[in-house]
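Make the full structure from the sequences, and use the hints.
One rule links them: number in my numbering = place in the sequence shown (from 1) + 1.
Please note that a few of the clues may not be correct.
Stated by the list, open to error - Simulated restraints on C-beta separations:
| hint | residue 1 | residue 2 | range |
| --- | --- | --- | --- |
| 1 | Gly23 | His90 | 49 to 55 Å |
| 2 | Asn91 | Leu163 | 40 to 46 Å |
| 3 | Leu295 | Ser219 | 23 to 29 Å |
| 4 | Val165 | Gly23 | 37 to 43 Å |
| 5 | His90 | Ser313 | 38 to 44 Å |
| 6 | Ser333 | Leu145 | 19 to 25 Å |
Claimed, not checked - Restricting the straight-line Cα-Cα distance to at most 27 Å, the calculated cross-link-like pairs of lysine-lysine (DSSO-like) are:
| hint | residue 1 | residue 2 |
| --- | --- | --- |
| 7 | Lys334 | Lys276 |
| 8 | Lys317 | Lys296 |
| 9 | Lys114 | Lys296 |
| 10 | Lys299 | Lys276 |
| 11 | Lys310 | Lys276 |
| 12 | Lys296 | Lys334 |
| 13 | Lys334 | Lys299 |
| 14 | Lys276 | Lys54 |
| 15 | Lys236 | Lys276 |
| 16 | Lys276 | Lys317 |
Hints were generated in silico from the structure; no laboratory data involved.
Quick reminder that beta carbons are idealized off the backbone N, C-alpha and C, glycines included.
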Amino acid sequence: GMGEVSINNEKRATQNILDDLGFTPIALKSKEGLALINGTQFMSAYGMYCLYKAEHLLQMADLIAALSFDAFDCVREPLHPSIHEVRKHNGQINTANNLRNILADSEIGKQPKKHVQDPYSFRCIPQVHGASKDVYNNVLNVFLTEINAVTDNPNVFPDEDLIVSGGNFHGQPLAMNLDFLSIAMSEIASISERRTYQLISGQRGLPLFLVNNPGLNSGFMIPQYTAAGIVSENKQLCTPSSIDSIPSSNNQEDHVSMGANAATKCFRVIENIEKVLAIELLTAAQALNFRRPLKSSKAVEHLFESFRKVVSFNEKDRILHDDMMQAVSFISKYEAEF
2 GMGEVSINNE KRATQNILDD LGFTPIALKS KEGLALINGT QFMSAYGMYC LYKAEHLLQM
62 ADLIAALSFD AFDCVREPLH PSIHEVRKHN GQINTANNLR NILADSEIGK QPKKHVQDPY
122 SFRCIPQVHG ASKDVYNNVL NVFLTEINAV TDNPNVFPDE DLIVSGGNFH GQPLAMNLDF
182 LSIAMSEIAS ISERRTYQLI SGQRGLPLFL VNNPGLNSGF MIPQYTAAGI VSENKQLCTP
242 SSIDSIPSSN NQEDHVSMGA NAATKCFRVI ENIEKVLAIE LLTAAQALNF RRPLKSSKAV
302 EHLFESFRKV VSFNEKDRIL HDDMMQAVSF ISKYEAEF
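In C-alpha coordinates, the structure reads:
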(Lines of atoms letter the chains of each structure in order from A and count residues from 1; the text may use other names and numbers.)
(Lines give C-alpha, C1' and ligand atoms only; values in the text may rest on other atoms or scores of the structure.)
Protein backbone atom coordinates (compact mmCIF):
# COMPACT_ATOMS: atom_id res chain seq x y z
CA GLY A 1 0.00 0.00 0.00
CA MET A 2 2.96 2.34 -0.19
CA GLY A 3 3.46 5.05 -2.79
CA GLU A 4 1.01 6.76 -5.13
CA VAL A 5 -0.94 5.78 -8.24
CA SER A 6 -2.74 7.77 -10.93
CA ILE A 7 -6.39 6.87 -11.44
CA ASN A 8 -8.79 8.89 -13.59
CA ASN A 9 -6.00 11.44 -14.10
CA GLU A 10 -5.76 11.98 -10.33
CA LYS A 11 -2.73 11.05 -8.23
CA ARG A 12 -3.77 9.36 -4.99
CA ALA A 13 -2.18 7.38 -2.17
CA THR A 14 -2.03 3.70 -3.07
CA GLN A 15 -3.44 2.63 0.29
CA ASN A 16 -6.55 4.79 -0.24
CA ILE A 17 -7.18 3.19 -3.63
CA LEU A 18 -6.76 -0.30 -2.19
CA ASP A 19 -9.22 0.56 0.59
CA ASP A 20 -11.75 1.89 -1.93
CA LEU A 21 -11.48 -1.29 -3.99
CA GLY A 22 -11.50 -3.58 -0.99
CA PHE A 23 -8.07 -4.98 -1.81
CA THR A 24 -5.49 -6.11 0.73
CA PRO A 25 -1.83 -5.29 -0.03
CA ILE A 26 0.21 -8.30 -1.03
CA ALA A 27 2.56 -9.43 1.72
CA LEU A 28 5.79 -10.44 0.04
CA LYS A 29 7.63 -13.48 1.32
CA SER A 30 11.35 -14.12 1.46
CA LYS A 31 13.19 -13.01 -1.67
CA GLU A 32 9.99 -12.05 -3.56
CA GLY A 33 10.67 -8.32 -3.35
CA LEU A 34 14.12 -8.76 -4.86
CA ALA A 35 12.72 -11.09 -7.51
CA LEU A 36 10.23 -8.41 -8.59
CA ILE A 37 12.78 -5.62 -9.06
CA ASN A 38 16.11 -7.30 -9.79
CA GLY A 39 15.22 -9.08 -13.02
CA THR A 40 14.00 -8.11 -16.47
CA GLN A 41 10.32 -7.56 -15.60
CA PHE A 42 10.23 -3.93 -16.76
CA MET A 43 11.68 -4.79 -20.16
CA SER A 44 9.53 -7.90 -20.46
CA ALA A 45 6.31 -6.01 -19.71
CA TYR A 46 7.07 -3.27 -22.23
CA GLY A 47 8.22 -5.81 -24.79
CA MET A 48 5.12 -7.99 -24.56
CA TYR A 49 2.87 -4.96 -24.89
CA CYS A 50 4.83 -3.73 -27.92
CA LEU A 51 4.62 -7.19 -29.49
CA TYR A 52 0.87 -7.29 -28.85
CA LYS A 53 0.45 -3.93 -30.60
CA ALA A 54 2.89 -4.85 -33.37
CA GLU A 55 0.97 -8.01 -34.29
CA HIS A 56 -2.18 -5.98 -34.92
CA LEU A 57 -0.33 -3.22 -36.77
CA LEU A 58 1.35 -5.72 -39.08
CA GLN A 59 -2.08 -7.07 -40.04
CA MET A 60 -3.47 -3.59 -40.54
CA ALA A 61 -0.40 -2.57 -42.54
CA ASP A 62 -1.14 -5.29 -45.10
CA LEU A 63 -4.81 -4.31 -45.34
CA ILE A 64 -4.14 -0.57 -45.60
CA ALA A 65 -1.39 -1.25 -48.14
CA ALA A 66 -3.93 -3.21 -50.21
CA LEU A 67 -6.25 -0.19 -50.11
CA SER A 68 -3.39 2.01 -51.32
CA PHE A 69 -2.49 -0.60 -53.94
CA ASP A 70 -5.87 -0.24 -55.63
CA ALA A 71 -6.14 3.49 -54.96
CA PHE A 72 -2.87 3.93 -56.89
CA ASP A 73 -4.07 1.50 -59.59
CA CYS A 74 -1.10 -0.85 -59.22
CA VAL A 75 -0.27 -3.84 -61.41
CA ARG A 76 -0.62 -7.30 -59.86
CA GLU A 77 2.49 -9.06 -61.18
CA PRO A 78 4.68 -8.33 -58.11
CA LEU A 79 2.27 -10.42 -56.01
CA HIS A 80 2.67 -13.55 -58.14
CA PRO A 81 3.44 -16.49 -55.80
CA SER A 82 6.39 -17.77 -57.85
CA ILE A 83 8.34 -14.57 -57.17
CA HIS A 84 8.14 -15.11 -53.43
CA GLU A 85 8.55 -18.86 -53.37
CA VAL A 86 11.99 -18.62 -54.97
CA ARG A 87 13.22 -16.30 -52.22
CA LYS A 88 11.72 -18.47 -49.47
CA HIS A 89 11.38 -15.90 -46.67
CA ASN A 90 8.29 -16.76 -44.64
CA GLY A 91 7.22 -13.19 -43.92
CA GLN A 92 7.51 -12.22 -47.57
CA ILE A 93 5.46 -15.22 -48.68
CA ASN A 94 2.85 -14.48 -46.02
CA THR A 95 2.51 -10.84 -47.06
CA ALA A 96 2.20 -11.65 -50.76
CA ASN A 97 -0.46 -14.25 -49.95
CA ASN A 98 -2.31 -11.70 -47.82
CA LEU A 99 -2.34 -9.07 -50.55
CA ARG A 100 -3.44 -11.56 -53.21
CA ASN A 101 -6.27 -12.77 -50.99
CA ILE A 102 -7.35 -9.27 -49.99
CA LEU A 103 -7.37 -8.02 -53.60
CA ALA A 104 -8.58 -11.20 -55.32
CA ASP A 105 -12.01 -9.91 -56.36
CA SER A 106 -11.04 -6.29 -57.05
CA GLU A 107 -12.75 -4.64 -60.01
CA ILE A 108 -9.99 -2.04 -60.16
CA GLY A 109 -7.36 -4.76 -60.40
CA LYS A 110 -8.99 -6.24 -63.49
CA GLN A 111 -8.77 -3.02 -65.49
CA PRO A 112 -6.00 -2.70 -68.13
CA LYS A 113 -2.95 -0.76 -66.92
CA LYS A 114 -0.99 1.83 -68.90
CA HIS A 115 2.11 1.51 -66.72
CA VAL A 116 4.46 -1.48 -66.56
CA GLN A 117 5.84 -1.11 -63.03
CA ASP A 118 4.99 0.67 -59.80
CA PRO A 119 7.23 2.50 -57.30
CA TYR A 120 9.06 0.31 -54.80
CA SER A 121 6.74 1.34 -51.96
CA PHE A 122 4.00 -0.63 -53.74
CA ARG A 123 5.96 -3.22 -55.68
CA CYS A 124 8.07 -4.29 -52.70
CA ILE A 125 5.36 -4.45 -50.02
CA PRO A 126 5.86 -8.23 -49.55
CA GLN A 127 9.63 -7.88 -49.18
CA VAL A 128 9.49 -4.98 -46.70
CA HIS A 129 6.46 -5.96 -44.63
CA GLY A 130 7.66 -9.56 -44.72
CA ALA A 131 11.10 -8.73 -43.34
CA SER A 132 9.47 -6.90 -40.43
CA LYS A 133 7.22 -9.90 -39.78
CA ASP A 134 10.21 -12.24 -39.65
CA VAL A 135 11.90 -10.01 -37.07
CA TYR A 136 8.64 -9.82 -35.11
CA ASN A 137 8.45 -13.62 -34.92
CA ASN A 138 12.07 -13.92 -33.79
CA VAL A 139 11.59 -11.27 -31.11
CA LEU A 140 8.36 -12.92 -29.95
CA ASN A 141 10.20 -16.20 -29.39
CA VAL A 142 12.83 -14.44 -27.28
CA PHE A 143 10.21 -12.77 -25.10
CA LEU A 144 8.13 -15.91 -24.66
CA THR A 145 11.29 -17.61 -23.45
CA GLU A 146 12.09 -14.73 -21.10
CA ILE A 147 8.69 -14.41 -19.42
CA ASN A 148 8.84 -18.11 -18.58
CA ALA A 149 12.39 -17.86 -17.22
CA VAL A 150 14.03 -17.07 -13.88
CA THR A 151 15.87 -13.75 -14.05
CA ASP A 152 16.57 -12.72 -10.47
CA ASN A 153 19.75 -13.18 -8.46
CA PRO A 154 20.89 -15.15 -6.59
CA ASN A 155 19.16 -18.29 -7.83
CA VAL A 156 17.86 -20.77 -5.29
CA PHE A 157 17.81 -24.50 -6.08
CA PRO A 158 16.14 -26.16 -3.06
CA ASP A 159 16.35 -29.69 -4.44
CA GLU A 160 20.12 -29.34 -4.64
CA ASP A 161 20.41 -27.21 -1.49
CA LEU A 162 22.16 -24.52 -3.55
CA ILE A 163 22.10 -20.72 -3.58
CA VAL A 164 24.14 -19.50 -6.55
CA SER A 165 24.92 -15.96 -7.65
CA GLY A 166 24.94 -15.42 -11.39
CA GLY A 167 23.95 -12.96 -14.09
CA ASN A 168 20.43 -13.90 -15.19
CA PHE A 169 19.31 -10.37 -14.34
CA HIS A 170 21.25 -8.98 -17.30
CA GLY A 171 18.87 -7.65 -19.93
CA GLN A 172 21.04 -8.00 -23.04
CA PRO A 173 18.80 -10.55 -24.83
CA LEU A 174 15.79 -8.29 -24.38
CA ALA A 175 17.60 -5.03 -25.05
CA MET A 176 18.93 -6.22 -28.38
CA ASN A 177 15.59 -7.63 -29.44
CA LEU A 178 13.70 -4.51 -28.41
CA ASP A 179 16.10 -2.59 -30.65
CA PHE A 180 15.49 -5.09 -33.46
CA LEU A 181 11.72 -4.73 -33.05
CA SER A 182 11.93 -0.94 -33.15
CA ILE A 183 14.01 -1.01 -36.33
CA ALA A 184 11.80 -3.60 -38.03
CA MET A 185 8.54 -1.90 -37.18
CA SER A 186 9.83 1.57 -38.08
CA GLU A 187 10.21 0.35 -41.67
CA ILE A 188 6.47 -0.33 -41.77
CA ALA A 189 5.95 3.39 -41.15
CA SER A 190 8.73 4.37 -43.56
CA ILE A 191 7.25 2.55 -46.55
CA SER A 192 3.73 3.62 -45.55
CA GLU A 193 4.71 7.29 -45.69
CA ARG A 194 6.16 6.77 -49.17
CA ARG A 195 2.85 5.33 -50.39
CA THR A 196 1.06 8.33 -48.90
CA TYR A 197 3.41 10.64 -50.79
CA GLN A 198 2.79 8.83 -54.09
CA LEU A 199 -0.98 9.04 -53.60
CA ILE A 200 -0.98 12.84 -53.21
CA SER A 201 1.48 13.50 -56.06
CA GLY A 202 -1.10 13.90 -58.83
CA GLN A 203 -0.29 10.68 -60.70
CA ARG A 204 -2.41 7.88 -62.17
CA GLY A 205 -5.44 10.10 -62.78
CA LEU A 206 -5.63 11.28 -59.18
CA PRO A 207 -5.86 15.04 -58.47
CA LEU A 208 -2.89 16.76 -56.87
CA PHE A 209 -3.15 16.47 -53.07
CA LEU A 210 -6.34 14.43 -53.56
CA VAL A 211 -8.71 17.38 -53.53
CA ASN A 212 -10.80 19.28 -56.02
CA ASN A 213 -9.35 22.69 -56.90
CA PRO A 214 -5.86 21.88 -55.57
CA GLY A 215 -4.69 25.44 -56.17
CA LEU A 216 -7.36 26.71 -53.81
CA ASN A 217 -7.31 23.77 -51.38
CA SER A 218 -4.19 22.19 -49.87
CA GLY A 219 -5.97 18.85 -49.50
CA PHE A 220 -3.80 16.12 -48.04
CA MET A 221 -0.51 17.97 -48.27
CA ILE A 222 -0.14 18.51 -44.53
CA PRO A 223 -0.98 14.95 -43.39
CA GLN A 224 1.96 13.79 -45.51
CA TYR A 225 4.16 16.38 -43.79
CA THR A 226 3.01 14.94 -40.48
CA ALA A 227 3.78 11.38 -41.55
CA ALA A 228 7.23 12.42 -42.80
CA GLY A 229 8.00 14.13 -39.49
CA ILE A 230 6.94 11.07 -37.50
CA VAL A 231 9.03 8.76 -39.69
CA SER A 232 12.06 11.00 -39.14
CA GLU A 233 11.45 10.91 -35.39
CA ASN A 234 11.39 7.11 -35.55
CA LYS A 235 14.77 7.09 -37.28
CA GLN A 236 16.21 8.94 -34.30
CA LEU A 237 14.44 6.69 -31.80
CA CYS A 238 15.78 3.58 -33.54
CA THR A 239 19.40 4.29 -32.68
CA PRO A 240 20.13 1.10 -30.70
CA SER A 241 20.17 1.40 -26.93
CA SER A 242 21.86 -1.98 -26.57
CA ILE A 243 25.15 -0.74 -28.06
CA ASP A 244 25.47 1.63 -25.11
CA SER A 245 26.65 0.88 -21.58
CA ILE A 246 27.82 2.95 -18.64
CA PRO A 247 29.31 1.62 -15.37
CA SER A 248 27.78 2.17 -11.95
CA SER A 249 27.97 0.82 -8.37
CA ASN A 250 31.68 1.64 -8.02
CA ASN A 251 32.34 -0.17 -11.32
CA GLN A 252 30.90 -3.45 -10.05
CA GLU A 253 28.05 -3.09 -12.53
CA ASP A 254 30.43 -2.24 -15.35
CA HIS A 255 28.36 -3.48 -18.29
CA VAL A 256 24.62 -2.96 -18.53
CA SER A 257 22.11 -3.57 -21.33
CA MET A 258 20.26 -0.24 -21.36
CA GLY A 259 17.23 -2.41 -22.01
CA ALA A 260 14.85 -0.08 -20.16
CA ASN A 261 15.74 2.68 -22.62
CA ALA A 262 15.25 0.26 -25.51
CA ALA A 263 11.84 -0.66 -24.08
CA THR A 264 10.51 2.86 -23.68
CA LYS A 265 11.83 3.87 -27.11
CA CYS A 266 10.18 0.84 -28.71
CA PHE A 267 6.89 1.85 -27.09
CA ARG A 268 7.16 5.31 -28.69
CA VAL A 269 8.06 3.83 -32.07
CA ILE A 270 5.01 1.55 -32.01
CA GLU A 271 2.74 4.49 -31.15
CA ASN A 272 4.25 6.47 -34.03
CA ILE A 273 3.69 3.65 -36.50
CA GLU A 274 -0.01 3.60 -35.69
CA LYS A 275 -0.20 7.32 -36.53
CA VAL A 276 1.61 6.92 -39.86
CA LEU A 277 -0.63 4.02 -40.89
CA ALA A 278 -3.65 6.11 -39.90
CA ILE A 279 -2.48 8.86 -42.26
CA GLU A 280 -2.04 6.34 -45.07
CA LEU A 281 -5.56 5.02 -44.41
CA LEU A 282 -6.97 8.55 -44.45
CA THR A 283 -5.14 9.34 -47.70
CA ALA A 284 -5.84 6.06 -49.50
CA ALA A 285 -9.55 6.21 -48.65
CA GLN A 286 -9.70 9.70 -50.18
CA ALA A 287 -7.92 8.43 -53.30
CA LEU A 288 -10.26 5.46 -53.65
CA ASN A 289 -13.22 7.84 -53.84
CA PHE A 290 -11.69 9.26 -57.01
CA ARG A 291 -11.70 5.75 -58.58
CA ARG A 292 -15.47 5.54 -58.51
CA PRO A 293 -17.57 4.01 -59.98
CA LEU A 294 -14.96 1.21 -60.00
CA LYS A 295 -14.84 -0.86 -56.83
CA SER A 296 -11.99 -2.58 -55.04
CA SER A 297 -12.25 -6.00 -53.41
CA LYS A 298 -14.75 -7.08 -50.78
CA ALA A 299 -12.19 -6.83 -47.98
CA VAL A 300 -10.97 -3.39 -49.05
CA GLU A 301 -14.49 -2.07 -49.57
CA HIS A 302 -15.46 -3.27 -46.09
CA LEU A 303 -12.49 -1.40 -44.64
CA PHE A 304 -13.35 1.66 -46.72
CA GLU A 305 -17.04 1.70 -45.81
CA SER A 306 -16.32 1.12 -42.12
CA PHE A 307 -13.84 3.98 -42.14
CA ARG A 308 -16.24 6.30 -43.93
CA LYS A 309 -18.65 5.92 -41.00
CA VAL A 310 -16.17 7.81 -38.83
CA VAL A 311 -14.33 10.02 -41.36
CA SER A 312 -16.14 11.48 -44.36
CA PHE A 313 -14.79 12.32 -47.83
CA ASN A 314 -12.92 15.62 -47.87
CA GLU A 315 -14.70 17.98 -50.28
CA LYS A 316 -12.62 21.03 -49.38
CA ASP A 317 -10.08 22.11 -46.81
CA ARG A 318 -10.92 21.46 -43.19
CA ILE A 319 -8.92 20.87 -40.01
CA LEU A 320 -7.53 17.37 -40.48
CA HIS A 321 -6.19 16.77 -36.97
CA ASP A 322 -9.54 15.35 -35.87
CA ASP A 323 -9.66 13.11 -38.96
CA MET A 324 -6.18 11.80 -38.22
CA MET A 325 -7.01 11.06 -34.59
CA GLN A 326 -10.23 9.33 -35.65
CA ALA A 327 -8.15 7.22 -38.03
CA VAL A 328 -5.75 6.26 -35.22
CA SER A 329 -8.68 5.19 -33.05
CA PHE A 330 -10.22 3.29 -35.97
CA ILE A 331 -7.04 1.31 -36.62
CA SER A 332 -6.69 0.35 -32.97
CA LYS A 333 -10.18 -1.18 -32.94
CA TYR A 334 -10.59 -2.58 -36.46
CA GLU A 335 -10.44 -6.36 -36.74
CA ALA A 336 -8.64 -7.28 -39.95
CA GLU A 337 -9.94 -10.53 -41.41
CA PHE A 338 -8.29 -12.04 -44.48
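Hint check:
| no. | hint | verdict |
| --- | --- | --- |
| 1 | Gly23 <-> His90: 49 to 55 Å | 53 Å, holds |
| 2 | Asn91 <-> Leu163: 40 to 46 Å | 42 Å, holds |
| 3 | Leu295 <-> Ser219: 23 to 29 Å | 27 Å, holds |
| 4 | Val165 <-> Gly23: 37 to 43 Å | 41 Å, holds |
| 5 | His90 <-> Ser313: 38 to 44 Å | 40 Å, holds |
| 6 | Ser333 <-> Leu145: 19 to 25 Å | 24 Å, holds |
| 7 | Lys334 <-> Lys276 | 14 Å, holds |
| 8 | Lys317 <-> Lys296 | 23 Å, holds |
| 9 | Lys114 <-> Lys296 | 16 Å, holds |
| 10 | Lys299 <-> Lys276 | 25 Å, holds |
| 11 | Lys310 <-> Lys276 | 19 Å, holds |
| 12 | Lys296 <-> Lys334 | 24 Å, holds |
| 13 | Lys334 <-> Lys299 | 19 Å, holds |
| 14 | Lys276 <-> Lys54 | 13 Å, holds |
| 15 | Lys236 <-> Lys276 | 15 Å, holds |
| 16 | Lys276 <-> Lys317 | 23 Å, holds |
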